[in-house]
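Undergrad: Just so you know, the sequences run in chain order S and U.
Using this note's numbering, the first residue of the first sequence is number 71, and each one after it goes up by one.
Using this note's numbering, the first residue of the second sequence is number 7, and each one after it goes up by one.
Source of the hints: derived by calculation from the structure; they are not laboratory data.
Hints may contain errors.
[To be verified] Pairs of lysine to aspartate or glutamate residues, derived as EDC-like cross-links and limited to a Cα-Cα distance of at most 20 Å, are as follows:
#	chain 1	residue 1	chain 2	residue 2
1	U	K209	S	D466
2	U	K205	S	D466
3	U	K239	S	D189
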Amino acid sequence: MKPIISFKDFSFQYNAQKRPTLHNINLDIYEGEKILICGASGSGKSTIGNCINGLIPFSMNGNIEGECIVDGINTKNSSIFELSTRVGTVLQDPDGQFVGLTVGEDIAFALENDCVKQDEMYNKTLEAARKVFIDSHMKHAPYDLSGGQKQRVSMAGVLVDDVKILLFDEPLANLDPATGKSAIELIDKIQKETNTTVIIIEHRIEDVLWEKVDRIVLIDEGRIIADSKPEELLCSNLLKQYGIREPLYISSLKYAGIDINKVENIDNIKTLKLNKEDINKINTWFLKQDKLVKHNDNDVILEVKNVDFAYENSLKVLKDISFKIKKGEMLSIVGKNGAGKSTMSKVICGFEKALNGQIIFNGKDITNDSIRSISAHIGYVMQNPNQMISQALIFDEVAMGIKNIGLSDEEIEKRVYDTLKICGLYEFRNWPISALSFGQKKRVTIASILVMGPEIIILDEPTAGQDFYHYTEIMEFLKELNNLGKTIILITHDMHLMLEYTNRSLVFEDGKLLADKSGSAVLCDEELIKKASLKETSLFNIATMANILDPVEFVDCFIAYDIKEKDNGKQSS
Amino acid sequence: MANKVLNYIPKDSFIHRLSGTTKLIIFLSFSFLCGLSFDTRVLLFLLFLSVLGFILSKIKLKEIRFMSTFLVIFIVMNAILLFLFNPEYGPNLYGSRTVLFHIAGKYYLTLEQLFYQFNVSLKYVIGFPIAILFISTTNPSEFASSLSQIGVPYRISYSVSLALRYIPDIQQDYHEIAQCQEARGVALGKDVKFFERIKNSVKILLPLVLTSLNRIDEISNSMQLRSFGKNKKRTWYMQKKMTIADYSVICFCIVLFIVGLIITNQGDSNIYNPFVR
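For reference, chain S alone in the conformation it holds in the complex:
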């Protein structure tokens, strides 16, 4: 069989970079295959995608060596337009690629550019919309759609073209867990119906493997490390080694001492089969673990009492919310987009004022305090560091929040330096911010809040779009801050973050607080998961398969064991 995509001794170097991003890639992808390309941030996995759809070299300039053949065409001698009739690309950010003012218009965009007549265009657009179940929303504007719906519009927008290859660049990055799961199911369905070749670029492999893939290609530093069947790759230790999170169920089986080479359907949790011996091993492992119960007897630092909130003249976004947070807690807020998570934190910080109810900090009512005075106690870190950074130098950026509050220059300098030391940025203090990586910028923004001495820090999606390595780096740093006594509140879609780092979760749905309990308890509650658009953890499936009566405890034991393993790994390396 002839491959539909073929890289031959392919290397690529961006004009702005000193070294090549891709080295000597040899990769064949066959018609009708479903391939997962994974790798850490900056590994070059997205660059491979851009070489296939023609953004390289036609929009992003650089030097190509070797060749990349897509459906019989050498991309070097083609054009982005010729390639786009063969390769349909769905980009990461559903907002950025929604160019039309309505669903129908956005789906029709490629047809408009191809000068298709209006009547034919209406038919084709509707047909594509049906394939992704968005046909009842043809006249909706992007603001009326959820993230998942926007992504389906993007899919329809490439399906109108009858492309042979579908390329998904990090399709899960901006979706809540349940929506991510249905996106993966939809991709699978479309591939089966249209018999296209599907390439998914993603580092969250457990989520992608919810539906079977034919092959996984692992990339690191621009080279192919592995190109193998999913089961082979999962049985090796390559994923962990190259900064990608291993599926949790695989880790749990490994910890229990099971030889996963022999487990049937190891690459798919839905069809995975454990034999009696395996089940015994899991139970033995579970019995051996210490069941520790942690108590936090500290005072309440923040209390939210019966808070209601609505934006001007519209429906309530928060309905009668009440909860308490104790000093030194690390807590997560979860739920789907638009459930009220971000709004809740904005009300706490005083950015928005509650309609009814009270916010009490250390026994004092701060409901009507100004943004500025609340910021001395409660800090808010936005998701995208670029939205916060307004100075050229790190020192100035961090110092900004404590200028004009009557400190002497020496005091300011001391406080900034102390903060930079905590954040591991002291050596960079005179660097321009533009020279920093994404993770470092994130730290700068955390430092710029930390310097004001808040006792509570709220972070919106601190690890969004980060691979396992950077995720761990950011989260371990936050854990250190937590150990220093800061109370930390995390808004997140990442179920593993919630399990691993937070002792308690507040689950929001449609402006209401649905649950207030431990992450493991949340993820073992099927009804709650469904209501709040979360996704069950595969550890729960393993616990059920192994007939464990208390899956919550099993999940807790796994997390505790996993952290110990990680710490051991750190010490030995």
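Chain S is already provided as a structure; the job is to place chain U on it using the hints.
TA: Below, chain U without anything else, positioned relative to chain S:
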């Protein structure tokens, strides 16, 4: 969105149903005629038509409150300045001088000046509602398609519609950035000194520009990947088919434009002069 300054207000009305091209022709013929003519009779007739159009469009005054307030302030300011700078322009123009009363110094209120300023204000009163009417009854994408139909290259006309598409996103970004910067002492409130406020707004604009640049990059990639710019022409999903109503309105506009010009240029000058017989 909190502040809708100027945007499309979807409704089902005669004006909304007209195609974008027709509305563009109405807009252009009205503005040209209104700009060229100083004939009060023509202007009054145009005013009648533009008020009629407004009523037909079912757009309520409160929906365009911001722009109408702006318009009133603008006309009043304009009238005052016009008078302050040249109180004798009207008498010179019409070649007669009927003093109503003396205000102070060189300032006399004359009937001619009043009439002249009435005409100038009339032009704005006609022009603005037509512009607002055009924008608030035309879907931005349809607007882009009509621009391209009268010969504007589609790359340019599409960027207009794209700008309208992303304004709410950028407003949202601005709002969020401003809140966060305020927490770090960047205040923009009324109690802040003027220069301080300007300095502070830079601290909000910089991150806003940076995030917007990233967004532009993504949009342009996504557009290229879906063949934008492939051909010299493109078709438009939102374009409305021309109906009999469209053709009749266009014919009416052309007739109106020609007749208006003829009436305006009847005498030796294009100025309607009731003072000299």
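Undergrad: Hints first: check each against the structure and report whether it holds.
TA: Right, here's what the structure says about each hint:
For the given pair, K209 of chain U sits about 12 Å from D466 of chain S by alpha-carbon distance, which is consistent with the 20 Å threshold. A threshold of 20 Å between alpha carbons decides the hint, and for K205 of chain U with D466 of chain S the separation of about 15 Å falls inside it, so the pair holds. This hinted pair checks out: K239 of chain U and D189 of chain S have alpha carbons roughly 17 Å apart, not beyond 20 Å.
Violated hints for the displayed structure: none, as all numbered hints are satisfied.
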